[in-house]
Amino acid sequence: MNQKTMSIILRVMVFAASILTIGVLLFLMVYIMARGLPHLKLSLFALEYNSENVSMFPSIINTIIMTVLSLSIAIPFGLATAIYLNEYAKRGNRLVEAIRLTAETLAGIPSIVYGLFGMLFFVITLKMGNSILAGAGTLSIMILPLIMRTSEEAIKAVPDSFREGSFGLGAGKLRTISRIVLPSAMPGILAGVILGIGRIVGETAALIYTSGTLAELPKSVFSSGSTLSVHMWYLSGAGLHMNEAAATAVVLLLIVLLINTFSAIVAKRVSKT
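In this note's numbering, the protein residues as written are 1 to 273.
To be clear, the hints were calculated from the coordinates, so they are not data collected in a lab.
Computed from a predicted model, the values in this text were never measured in an experiment.
Possibly wrong hints are sitting among the right ones.
Only pairs whose alpha carbons sit at most 30 Å apart, straight line, appear in this in silico DSSO-like list of lysine-lysine [claimed, not checked]:
hint	residue 1	residue 2
1	173	90
2	90	156
3	268	156
4	219	41
Put together the whole structure using the sequences plus the hints.
Here it is, written out as structure tokens:
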């Protein structure tokens with residue numbers, strides 16, 4: 001088999017895999033929309049939840065709060081760690097390699113294990129109880145390895161010539177990182193943030209043990225509250241509101257699509273500047 005034939009075969013395989021992936025994605029989206037759209041109604045967006053309207057509005061608010069809190073904790077720590085590992089730590093350092101290995105290992109741990117850790121540490125040890133803050137703390141630890149590794153790879157992809165040019169113009173280390181390296185790596189960093197948002201919005205197991213399943217508007221971050229994914233799990237688990245659970249899945253899908261679209265627009269604008 002010559003090189004040209006092998007190239008054609010590989011191209012066909014890549015094309016077939018791409019078509020299959022897009023087809024599965026479109027099938028899932030159409031299936032969720034077809035099941036949930038007919039059951040969307042105004043009562044599902046009532047301000048207060050009760051057994052009759054099974055409103056998802058409190059869960060939408062809780063999801064937004066949970067996402068903002070989790071990202072506000074995870075992004076600074078993850079980005080700072082990525083900057084240190086790539087810009088300040090010596091290359092080939094065994095400690096750096098150990099940190100990277102640990103981060104990759106933590107990224108593969110099942111979410112239920114994080115939920116048990118969050119319950120033992122935040123809920124019981126720190127006496128936060130089932131609260132949004134306990135859930136956000138657990139989720140921030142869960143997405144921290146993801147944001148750290150994607151940010152590190154994005155920063156590593158910035159050419160060294162950019163840094164050398166900045167140093168040649170008299171800029172210091174910190175100024176070079178803040179004005180040259182980070183803006184160039186921002187699209188890759190935002191990609192990691194988008195993945196983190198997707199994991200936060202779709203997480204259920206870890207939040208059952210930490211933030212609880214109470215469907216009401218929170219009075220503070222120490223109040224218990226369920227997110228959309230937990231709300232959908234609760235409705236489908238009870239087996240009495242399957243149509244409303246399907247409608248909740250549609251809203252959850254639309255929220256994820258809106259967040260991803262907005263993040264992609266921001267990434268394009270940042271890359272142009």
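Here is what the structure says about each hint:
{"no.": "1", "hint": "173 / 90", "verdict": "holds, 15 Å"}
{"no.": "2", "hint": "90 / 156", "verdict": "holds, 13 Å"}
{"no.": "3", "hint": "268 / 156", "verdict": "holds, 19 Å"}
{"no.": "4", "hint": "219 / 41", "verdict": "holds, 26 Å"}
The structure shown violates none of the earlier numbered hints.
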